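Just so you know, the sequences run in chain order A and B.
When we follow UniProt numbering, the leftmost residue of the first sequence carries the number 1, and every step to the right adds one.
When we follow UniProt numbering, the leftmost residue of the second sequence carries the number 1, and every step to the right adds one.
The hints are simulated quantities; they were obtained by calculation from the structure and are not laboratory data.
Note that this is a predicted model, so its numbers are computed, not measured.
Misleading hints may appear alongside valid ones.
Which residues of chain A face chain B? A partial, calculated answer using Cβ under 10 Å [what the hints assert, rightly or not]:
id	residue
1	T140
2	A268
3	D311
Here are the simulated SDA-like cross-link-like pairs (lysine to any residue), alpha carbons at most 25 Å apart as the crow flies [as the list claims (entries may be wrong)]:
id	chain 1	residue 1	chain 2	residue 2
4	A	K261	B	S258
5	B	K144	A	K14
6	B	K144	A	N152
7	B	K14	A	E269
8	B	K310	A	C331
9	B	K191	A	E242
10	A	K307	B	S143
11	A	K307	B	D140
12	B	K340	A	A303
13	A	K261	B	W253
14	B	K340	A	D311
15	B	K303	A	E269
16	B	K71	B	K115
17	A	K72	A	K92
18	B	K141	A	A303
19	B	K115	A	N79
20	A	K307	B	D168
21	B	K144	A	A303
22	A	K252	B	F299
23	A	K261	B	C287
24	B	K340	A	M333
25	A	K241	B	D168
26	B	K310	A	K92
27	B	K303	A	K241
28	B	K346	A	A287
29	A	K295	B	W316
30	A	K14	B	I156
31	B	K191	A	E269
32	A	K307	B	S258
33	B	K48	B	A202
34	B	K347	A	Q255
35	B	K304	A	A268
36	B	K310	A	R297
Label pairs and their computed distance ranges (CB to CB) [what the hints assert, rightly or not]:
id	chain 1	residue 1	chain 2	residue 2	range
37	B	L284	A	K171	52 to 58 Å
38	A	I290	B	K65	58 to 64 Å
39	B	G60	A	C331	56 to 62 Å
40	B	G60	A	K307	43 to 49 Å
Every residue gets a Cβ at the ideal spot worked out from N, C-alpha and C, and that includes glycine.
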Amino acid sequence: MAPIHSSSQQWVEKYRPKQVKDVAHQEEVVRALTNTLETGNLPHLLFYGPPGTGKTTTALAIAHQLFGPEYKSRVLELNASDDRGINVVRTKIKDFAAVAVGSGNTNSGYLCPPFKIIILDEADSMTEDAQNALRRTMETYSKVTRFCFICNYVSRIIEPLASRCAKFRFKPLVEDIMTGRILHICKEEGVHLDSDALTMLSSISEGDLRRAITYLQSAARLYGSSISSNNLISVSGIVPKEVVQSLYQACKTGQFDLAQKEVSDIIAEGHPASQIFSQLYDMVVQATDISDETKARISQRLAEADKCLIDGADEYLQLLDVASNAMRSLCNMTQECCY
Amino acid sequence: MLWVDKYRPRSLDKISVHREIANNLKNLVSEHDCPHLLFYGPSGAGKKTLIMALLKQIFGPGAEKVKVENKPWKIEAGTRTIDVELTTVSSNHHVELNPSDAGFQDRYVVQEIIKEMAKSRPIDVNGTKGFKVLVLNEVDKLSKEAQHSLRRTMEIYSGACRIILCCDSVSKVLEAVRSRCLNIRINSPSKEQIVDVLEYIAKKEGLQLPMGFTGRIAQQSNRNLRRAILCFEACKVQQYPFTDNQPAQTLDWEQYISEIASDIVNEQSPKRLYMVRGKIYELLVNCIPPEVVLKRLLFELMKKLDSELKHEVCHWAAYYEHRMRLGQKAIFHLEAFIAKFMSIYKKFLIATFG
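Model the full assembly from the supplied sequences, consistent with the hints where possible.
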């Protein structure tokens, strides 16, 4: 029987910063929070920003630094996979928030501030009703409970909640910081990464450190300790540039059969259509030799096709339609099939 | 035994088409542990073969002794109990199932099975805890709720079981699920690779091959290895020794669709539409999936069209296929597509020939 090795631990968890000051690239946030940590006076918090920038890490680090061994009893952590309907807000959160806690020395001898923290991860997926139900709860129990909302889109948090919190924006990581972290992990894990692969890793992860680390770990598991940029491409599911380029070129020629062949090849190679769409979009928008109107036309159809894919439509047909539409726009053919 | 099964590679060492992937997988499980895996690629590319070979690599020959069971599940969901019956293929080390067969109740199946597997965690002679592998087919057909609950269960029970997911199109799998797995893309074998495999089989079976015959089969198979082998066997049954210009067998439903396509192109009238409807119904009651019918029909129609019409026709095909997914009854949308095609084609004919 196969025993479990410790190697199966996720690097993302293993290298998660334990202290607020270790969080990379978010200087303003770190500075402000270190202050509050020293005084032990915490407002309600709202962290927002793109994925993989350290929001959850920061929230957990604050909680750990504040409560230490008392973490279990003082912190309630709920994320999107837990049930968070209005009932949970009315019962579970309210019950937890209502319990009074003392300050000072607890039985473990750790000096805790006199409040509890409720961390609501991925708060933008909460329903509006549930958020509304929280408003009064936040105020009533603000003496003993602090809330920490974490979300990607601040606009999905209703205004009354947002205005009760101190907002912190987390920005995407720049390349230097990212490579620094990656190199540190590589050193710890004994993985070799050449400079080409390093640049590739930071470009495919688009400022998302978690994604970068996940790719790195997958590649290390699959290809051993020496990783090239091609290895990274294959684990990340990114479509090689040449493939998208040749589809685009085929569209430019204006020959339908050529484009159809490209599309069939792409599907046979197993590349996901959604990925092709997003890369094709990048290519179209960055192209310098086509007019803005053409770009807009192609992008519009790309957006529609993306929605269709989410509804479960067939990849081949959607991709073919996008290619044919792009061809018509690029070659100034008539756009007959308007609906 | 069918050749498809007879010549299926049983271990990672014997896999010829995806040599590189097989080697990587072997390294991956060299410590007898693996992360959750997600295999994706078109059908007939070899996903299943790779998965079975991988299981054998992890657990040894024990993984090949499988039994097929029709298992009823009783699931307590709040106030009511739900009965689901599902066919599972299992060995001592793994369980394989198609959760999408349970329809809208797939969510409960996914949770219940993983829970049950986690409860009976195997322990080896040394007392170390092992894990079981759950192979889930067609995850792209799972409902969104089932995928969400999968994501949570994957984390909670990751100690007791590893999950291998298998699907055709990864676009339909949630990003959250994808990011928890190691994604492995399986591409379709190229025509040359298919020819190699067919020639290998011919050698093993002691068959004489005329020139270019395997090439024709490979061409016809659309880079689908399974189809190529099935077709090869069908040809052998039909006529052996092979003659020089023996055609590769086409599937009868494909022929049927190509007949329908000629019907449509020959005449565009309500009467013809009515006739075609009967034929489409015939296909649907024979369990040919509607999207396959539509795709094949488009393919056949495209052959007969001028390039200026192709754009429009392919647009409407994509449009009606999408509608078919959203709607309930596939025949409406298939027929709408045919009617649309007829109108476009007729307009074109009138404009060109008056």
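Worksheet entry | Straight-line alpha-carbon gap K261(A) to S258(B), limit 25 Å | It holds: about 20 Å lies between the C-alpha atoms, which stays within 25 Å.
Practice prompt. For the pair we were handed, K307(A) and D168(B), check the Cα-Cα distance against 25 Å.
Written response: holds, 19 Å
Practice prompt. Mind checking the alpha carbons of K115(B) and N79(A) for me, to see if they're no more than 25 Å apart?
Written response: Given that 25 Å is the threshold and the Cα spacing comes to 21 Å, the pair holds.
Item to complete: Check the following: the C-beta atoms of L284(B) and K171(A) are separated by a distance inside 52 to 58 Å.
Response: holds, 54 Å
Item to complete: Assess, step by step, whether the Cα of K261(A) is no farther than 25 Å from the Cα of C287(B), and give holds or violated.
Response: violated, 28 Å
Worksheet item: Taken at face value, is the distance from the CA of N152(A) to the CA of K144(B) at most 25 Å?
Response: holds, 21 Å
Worksheet item: Given the hinted pair K14(A) and I156(B), is their alpha-carbon gap at most 25 Å?
Response: OK: K14(A) and I156(B) at ~17 Å, within 25 Å.
Worksheet item: Holds or violated: K71(B) with K115(B), Cα cutoff 25 Å?
Response: The hint holds at about 15 Å.
Worksheet item: Does the alpha-carbon distance linking K310(B) and C331(A) stay inside the 25 Å limit?
Response: Holds, at about 15 Å.
Worksheet entry | Proposed proximity, F299(B) with K252(A) (alpha carbon, max 25 Å) | holds, 22 Å
Discussion item. Against the 25 Å threshold, does the CA-CA distance of K307(A) and S258(B) hold or violate the hint?
Written reply: violated, 31 Å
Fill in: Straight-line alpha-carbon gap K48(B) to A202(B), limit 25 Å
holds, 23 Å
Violated hints for the displayed structure, listed by number in ascending order: 1, 5, 23, 26, 27, 28 and 32.
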